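Quick note, the sequences are listed as chains F and C, same order. For what it's worth, the working numbering labels the leading residue of the first sequence as 1, then goes sequentially. For what it's worth, the working numbering labels the leading residue of the second sequence as 414, then goes sequentially.
Rather than coming from a laboratory, the hints here were simulated on the basis of the structure. The structure presented is a predicted model; accordingly, all values stated were derived computationally and were not measured. Glycine residues also receive a C-beta, built at the ideal position from the N, C-alpha and C atoms. Keep in mind that the hints are not guaranteed to be accurate.
Said to hold, decoys possible - With the Cβ distance kept under 7 Å, some of the chain C side facing chain F (calculated, not the full set):
(1) 493
(2) 495
(3) 505
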Amino acid sequence: MSKLRKKVYLVAGYNTISMGTGRKEFNPKKERAGLEQYMKEAGQATLKMIGGPDNVDECVIGNFIASRFNGQANMAAFFPFIDEGLMYKPATRVEGACATGGLALLAGVKSILAETADVVLVLGVEVQNTVKAIYGADYLAAAGWAKDRKNGHAYFFPGQFSDRAGAYYEKYGRDKTRQAFAKWFSNSIENARLCSTAQEHHNSAKDLTALGMMEPNGKSFVDHLNVFDCSKVSDGASSVAIVSEEGLKRIGIPLSEAVEIVSYGHAEADITKPPIDRTELTTFKVAAKQALDNAGITLDQVATAEVHDCFTIAGILATEALGLANPGEGPDFVLAGNTARDGKFPINTTGGLIGWGHPTGATGVHMAVTIWEQLTGKAGANQVAVPSDKPYGMSVNMGGDDKTLVAIVYKKN
Amino acid sequence: MNYEERLQNVSVIGAAGKMGSGILLLTALEMADISLKPENKDKAFRLNAIDISPLGLKGLVQYLKVQVLKAAEKKLIQLRKLYHDRSDLVENSDIVNQYVHDVLHIVSPVTRIEAAYDSFVVFEAAKEDPAIKIELFSKINTNNPNKPWFFTNTSSIPITELDIQASLEGRIIGFHFYNPPAIQKLVEVIKAENTTEELTAFALQYAKNLKKTVVPSNDVAGFIGNGHFMRDLIFGVSEVERLSGNYPFTESVYMINKVSQDFLIRPMGIFQLIDYVGLDVCQYILSVMNSRLTGKRLHSTLLDEFVSKGIKGGQFSDGSQKDGFLKYEKGKVTGIYSPAKNEYVAIADIQSTCDERLGALPENAPAWKTILRNPKKEDVLRIFFNNLKDLNTKGAALAIAFAENTKNIGQNLVKDGVALNENDVNTVLLTGFFHAYGPINDYV
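The task is simple: from the sequences and hints, build the whole structure.
Here it is in structure tokens:
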């Protein structure tokens, strides 16, 4: 597939706060907002921006695993709860682990392309602070093959990516890689501090590099990563509307406030197989290339990207998988400041998964919201330059250990 | 019989009490971890939780469930390895639940002392009464064919006295946990004159496995911990009696409690600590020590008066504090008992007057909680005490006097041959009482 057969736009992005440890208002001992409140807040915000539920043809909800965190399935039936004007409208729930949000966006895109809808409300949500992290680790482990759980680490995914970090240290050297992890962490926090909805917005640690460089301890956590190398447990929702040209007219939003979804790449790898090479994100590479090729552009034309840094190692590997750095040189690229907000290729400008937060099912949508904000000049303190020769933005959302990949290219209007 | 074999049958007496329950928890975890080793799979391990109160035992099981669950969550990485061959245990929750089950499975709550007749090791955390302890030891020793080893949690009674009177032939050791045993790092280990080397070696191994800090104390009534605390208590009370000549009793208690907490950067003021331990317990420990020691009389008529009025402090079964010298609401001190009025006077009514009288703390005075983790603790404390000495206030004067007395008590414990050295005294106060600095220091 090359260019999309018709114009598809993304508008009306909204993020709730990414709630969890780090936010001042978070108190694990007190009752907190649940799935319902997050979905309602995000859904209603987007509905308001697009002129209400009457303008909506279809709805898509992305949620990874509320069935375990919240004992809730059949999530599509929450749309009429979000707004009764959505009663009896078609809605679908999609799931692809941490790439759920990306898949939800694609479902919306496909409805536009299939001409079954002109306006699709797309929502991603996850509420994960309902159990302690060690039990949440079991739920999230479902993003891998269930048969691998028994031999996996207590903290399953940190264990998987710790193995990747270990392999990377061995192949390319440990010291510089760990420094690059610390740099990735401090970039993430610095960006998040500027964004009021970010989980790390209140982070006031003085020496971020020192935290990032804390020596991993396999006795209490995993062998090759420390806690600052990991995204946190988050509650949150993000929403957008995906619309056709006709849809854009219907909702009355000017083109300048919309971004065009130019292309996407979508790739699945075999969940029952270990990674082909632990030192690279092979499937990520395939999906990102597809998206860029389908758009007919190169990275030189991309102003900013959102990548799936569930762990710092994933962030470093993402720079290589995107083609920004050669294999083994991702750490140099990051250490040189290239991915910082003022660098030559700003990545994760609102903090990414490590800084903004990782409400798993919402993350792919949050990425799209950030790119939409950047390309429409709505990113506030986080705004980066979008020069006319770089009118594109990109997001790459990953589910599991490089298994489900959704890459999307967006264009400023 | 090696270490592991000896732990195959253990009894804890007074298991439902606040010390006994902690000892039981730690021993249950130690025994469970041994029982789960592959080589021990075919061996039975039994831990008798003996207490006279059935209701107390019911509460104990609840306490154990909660605490073992926490322990399992903390060491989950090791537990996943331990249960690796159990294909039915996949998720963390499976493993945690299995571990809780396995630990609780070892524990048998019973109300009858006869359960201890098969044990190899007996931990005793009964009432601090020599007669009761001796009777228990004699009874078990006579009926138990295994020549069991006795670990007593006494905090004041000389071990040699218990050994001789219960005819234990050196099969006893003082193993004094601090409250709460699951949290406080310190164990005072006290050998009786005839305590065997084998028993001592076992005790040290057990303490090491529990990750406890061991401080040896000589077999002198009160040992190091109460040897210090009881004399600190006597000083605190005498200061209140002295101040009561000029100020109301309640204000005097408030001032000395505040000085011994905030001005000395301790976790609790001296009267709150007395309440925490229990006025009746303190009274009893004083009587045990007083009747066995020469020198300055260790007795407080004020304590007698309060206890006779039924004001005893101590804790409710849920761990919350009972009223004593001070009144507590939701963990906060809200009043001070007035023996003249037979009621508590609200702190709010006297606080500002007393605080003004004491004067402010030196600028940048560190809080106890923060100083604990400060790597430059010593420098901060030195500056603090220098500033304190420069203050010409009543609070500073009372604090310096208190600190000097405390230091003196510590030094005398070494001089009198209770502690082997000054460092041991400091370690007891640091790890058993959670002080931020040892009493023997050059700050004062």
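Hints versus structure:
1. Satisfaction of the interface hint for residue 493 (chain C) is found here, the shortest Cβ-Cβ separation to chain F being roughly 5 Å, below the 7 Å cut-off.
2. The closest approach between the C-beta of residue 495 (chain C) and any C-beta of chain F is roughly 12 Å, which is over the 7 Å cut-off, so the hint fails.
3. Hint status for residue 505 (chain C) relative to chain F: holds, with the closest Cβ pair at about 5 Å, below 7 Å.
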